[in-house]
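Residues 1 to 81, numbered by my numbering, are exactly what the sequence shown covers, in order.
If you're looking for bench data, these hints aren't it; they were derived computationally from the structure. Predicted, not measured: the structure shown is a model, and the values here were computed from it. Possibly wrong hints are sitting among the right ones.
To be verified - Subject to a maximum C-alpha distance of 25 angstroms in a straight line, what follows is the list of computed BS3-like cross-link-like pairs (lysine-lysine):
| no. | residue 1 | residue 2 |
| --- | --- | --- |
| 1 | Lys-36 | Lys-23 |
| 2 | Lys-36 | Lys-51 |
| 3 | Lys-36 | Lys-47 |
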Amino acid sequence: MNDLELIFAMLGERVSTEITRTKDAQLFNECSIAAKEGGEVAGNARKDAEKKIGKPISTQDNYLEKPQSSMRKLPKKQKQP
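Use the sequences and the hints to build the structure in full.
Okay, here's the thing in structure tokens:
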């Protein structure tokens with residue numbers, strides 16, 4: 001994931017949050033509609049940016065060089081008697 005992918009993902013989440021608050025969505029159905037609308041806004045913005053830039057925003061790159069699943073875990077702290 002590159003910077004632009006992250007920006008458009010954050011845009012979709014933030015717009016969805018604002019729509020949810022503005023419409024005072026309480027139920028799952030209402031929140032689902034708000035999420036779809038926020039995703040639509042971000043998707044349209046991404047498509048417009050791709051037209052202006054002339055290349056796709058989405059890439060196969062990973063944000064992390066090493067997958068988190070293969071990272072070494074920290075040892076657990078021992079309880080002191």
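Quick rundown of the hints versus the structure:
Annotation: proposed proximity of Lys-36 to Lys-23 holds, straight-line Cα distance about 14 angstroms (limit 25 angstroms). A threshold of 25 angstroms between alpha carbons decides the hint, and for Lys-36 with Lys-51 the separation of about 22 angstroms falls inside it, so the pair holds. Distance hint between Lys-36 and Lys-47 is fulfilled; the C-alpha atoms sit about 16 angstroms from each other, no more than 25 angstroms.
Every hint, counting from the list given before, is met by this structure.
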